[in-house]
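Novice: Please take these sequences and the hints and turn them into a complete structure.
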Amino acid sequence: MRKGTFQGDVLLWCRMLLPAVTKRIYNLQNKQLIKLFSRLFSQDENEMLEHLEQGDVAETVRCFFEDSDVVRPNRQSVLTLKEVDQFLENLSKLTREDDQVQHFASIVDRCTSNDLKMIVRLIKHDLRINAGPKHILEAIHEEAYRAFQVSMDLNTVISRFVNPPSSNTSNASSSSNLASPSTLSKVTVVLMTPVLPMLAESCTSVEMAMKKCPLGMLSEVKYDGERVQVHKRGSEFRYYSRSLKPVMLHKINHFKDYIPKAFPSADDLILDSEILMINTKTGQPLPFGTLGVHKKAQFKDANVCLFVFDCLYYNGDVLIDQPMITRRKILEEKITPIPNRIQLSQIEEIHDRKALAEMIVRILKMGLEGLVLKDITGKYEPGRRHWLKVKKDYLFEGAMADSADLVVLGAWYGTGQKGGMMSIFLMGCYDEERDCWLTVTKVHTGHDDATLAQLQSELDMVKISKDPNLVPKWLKANKPMIPDFVAKDPKKQPVWEITGAEFTNQGVHTADGISIRFPRVTRIRHDKDWKTATSLAYLRILFKRSSESMDFSLLLGNTSNEDKSEIKPGTLNIFAGTSTTSVRDSTRQTMKSINGVNKRKERYESEEESAETSMTELKKINGKKIKSEKKCHLDFMTTSSSKLQAGSSLKNENTDKPIQKIEQNFYEDIKVKQESPSSLLIYDLPTDSETEAESEDNERSEYYTYMNRSRCLGSFKNVRAILVPDIEGSKRAELHKKLKTLGVTVLEKKNRSMATHVIHQAKTIRQDESEIFRDYGKEALHVCESWVEESVKQARPVKMEPHAVILLPFYCSCRHPQL
4 MRKGTFQGDV
14 LLWCRMLLPA
24 VTKRIYNLQN
34 KQLIKLFSRL
44 FSQDENEMLE
54 HLEQGDVAET
64 VRCFFEDSDV
74 VRPNRQSVLT
84 LKEVDQFLEN
94 LSKLTREDDQ
104 VQHFASIVDR
114 CTSNDLKMIV
124 RLIKHDLRIN
134 AGPKHILEAI
144 HEEAYRAFQV
154 SMDLNTVISR
164 FVNPPSSNTS
174 NASSSSNLAS
184 PSTLSKVTVV
194 LMTPVLPMLA
204 ESCTSVEMAM
214 KKCPLGMLSE
224 VKYDGERVQV
234 HKRGSEFRYY
244 SRSLKPVMLH
254 KINHFKDYIP
264 KAFPSADDLI
274 LDSEILMINT
284 KTGQPLPFGT
294 LGVHKKAQFK
304 DANVCLFVFD
314 CLYYNGDVLI
324 DQPMITRRKI
334 LEEKITPIPN
344 RIQLSQIEEI
354 HDRKALAEMI
364 VRILKMGLEG
374 LVLKDITGKY
384 EPGRRHWLKV
394 KKDYLFEGAM
404 ADSADLVVLG
414 AWYGTGQKGG
424 MMSIFLMGCY
434 DEERDCWLTV
444 TKVHTGHDDA
454 TLAQLQSELD
464 MVKISKDPNL
474 VPKWLKANKP
484 MIPDFVAKDP
494 KKQPVWEITG
504 AEFTNQGVHT
514 ADGISIRFPR
524 VTRIRHDKDW
534 KTATSLAYLR
544 ILFKRSSESM
554 DFSLLLGNTS
564 NEDKSEIKPG
574 TLNIFAGTST
584 TSVRDSTRQT
594 MKSINGVNKR
604 KERYESEEES
614 AETSMTELKK
624 INGKKIKSEK
634 KCHLDFMTTS
644 SSKLQAGSSL
654 KNENTDKPIQ
664 KIEQNFYEDI
674 KVKQESPSSL
684 LIYDLPTDSE
694 TEAESEDNER
704 SEYYTYMNRS
714 RCLGSFKNVR
724 AILVPDIEGS
734 KRAELHKKLK
744 TLGVTVLEKK
754 NRSMATHVIH
764 QAKTIRQDES
774 EIFRDYGKEA
784 LHVCESWVEE
794 SVKQARPVKM
804 EPHAVILLPF
814 YCSCRHPQL
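Here the sequence shown stands for residues 4 to 822, numbered as in the numbering used here.
Because the hints were derived from the structure by calculation, they are not lab data. Each residue gets a CB set at the ideal place from its N, CA and C atoms; glycine is no exception. Take every hint as true, because none was put in to throw you off.
The following label-pair restraints were derived from C-beta to C-beta distances:
id	residue 1	residue 2	range
1	Thr83	Asn282	54 to 60 Å
2	Lys534	Leu247	44 to 50 Å
3	Asp492	Val81	51 to 57 Å
4	Leu545	Lys740	24 to 30 Å
5	Arg548	Asn133	40 to 46 Å
6	Glu141	Asp324	20 to 26 Å
Okay, derived cross-link-like pairs now, DSS-like style, lysine-lysine, Cα gap no bigger than 27 Å in a straight line:
id	residue 1	residue 2
7	Lys357	Lys382
8	Lys248	Lys137
9	Lys491	Lys476
10	Lys494	Lys466
11	Lys248	Lys127
12	Lys534	Lys466
13	Lys476	Lys534
14	Lys740	Lys753
15	Lys766	Lys741
16	Lys254	Lys482
Specialist: In structure tokens form, the structure reads like this:
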């Protein structure tokens, strides 16, 4: 269709394409729809429910409509959009089952099977056309979607961006229904209408945060509750969830008495906030999930508290275009906090890497969920992910996340495109004392489509359709965790590594209530079976040590001035003992920071130049004679043990002093094992205790990142790695990124002679391939990519013996081909 030629009802067209934004509520779940149509078609309800397991209720209705002898589908579609819209409007007002059946009967005889299928999808608010508001509204006008993000009012947006057709226009093709940009009125926040919340993207490093917020940021506690948008107009209140739906009354019904006291000068306002349960005796937050009506009743000494972190509208002033620092100042000036009822979120203004790294460590040690970082100059952008969220499972490619090796115990059918497939899996562990299997979590992310399709035939499952009476005796599962399928024999099921944000204890699962929050499958453990998977006893240990076992050495550098005061887990007063200033008091300091941005940019550029010169320094070092008798040759003939005796320490080439312990060569104190002529020499690393002591050394440098890793004095400081050519594409990029994250210097091919480590994809190298590595450095160690993976996971060098590359006999110690 040519632009400007559409003469239909644009609003009606958009309402049909975007059923989820019409705000119509039908209260018809899948099983209720099946019950209605089984009566209407005179079909067996159980058969329809069995067909529904394929995951698409609209497709089920279509199939049984075509098979019905009572009502036959129309051959040709005769319904108009206006008729369907009116039908849906009337349906939203009906609540009795008989009335709903009668209402469907009034239209079904005029429907084709596809018509009825799409009507059901309109009721379910999902057309499955892979197009949302952004696609549809930007087809109307380039600014329409942005306006919709702010107002969430489809009628208002369409009326502002589309002119009504003119009855006096004789030539339709010469006039356009679309308003010109010059005639558009600015669509802004509408009081009592939900605004799309501003969102946060995952922050994987301190460096990323500093680049996103070069002028400084507000570091805010990430509250483990439920997000609520509060609208107040006089004495009228409305509360919207993150998905813009009304919040349940039992969670917010008392706030109408406290908000006027907390904001005495506010007649009208819109607040962005988080609600969570607070223990009134200790002032500490209760776990996620305690806001439920039944859970809430279990906590007598607790209140639902509103933590306010942003203000979008105040007494007629729209604030979304104001900088974050200004909006925060307004909140501080206007609010009168009410303890355990209405409080401001806790923030600290941060301008440097070290302060941010220490803040991250502080909140993780306290067991809190994480931080939200906000650019002090940033606007409130509805629907945009321009804030940053920091959680331990986001940092260092998930190296700080919690994980367990669990067995697949059952599965559920998926929905949508995964309907009819086992795509949600019940994971559990074995209890040796009771000789039974217990549930730990259910997971539905981590597998690609190809793997998921393969699992349908590989998993040996028995269908029980969530029937508690069919649950085998070996499985202990609470009713909500009874799956569609259970394993025929759990001891023959695969083991998967499940990684998540943290271990939790909410009582839903039977493994002492221990579960994993935000779980995902990170690896299929082909090397493990049920005997070597995580048991209940070991799961208890993992849960207990979850917060204690985190290695913060990757985040913290020199911690000599770090606050050593004791921190109580779960406390919200994270800034106790620190010199935190309010945003109101720090505005002048912030303006100085803004004026000094050029100086910080110069510092960043200087650090980047320093990182770029690291290769030049390596070349200089390589050109000098290194006095060490520990030659880690890539020899394949039996080597005399006399050549493998301990040698002198490496010297720092830039000074006359011996290199410090934290800067010691990667091979220092490595014990060499003599192997057969057909295998690579294997090297044992120092013990774990030595590595941990090294990581806690007070002489560790500040947190290293990709661009300033040359300053890192950690265990990987002297590692210079090169990836072999047969590692290509995304795998090469992934390994390259992980090596840089560890602080390893990744060499280009032209510098291969300086390599200390050669990373291979294969476990063995054929004889005809070994010539390729003749000039890869005589002292280089050849290891598989699995060494990198394990080092990232442990956040320290791991033993190389399991990862050594096996090379066929080809070279003698003098590097001449064997004859």
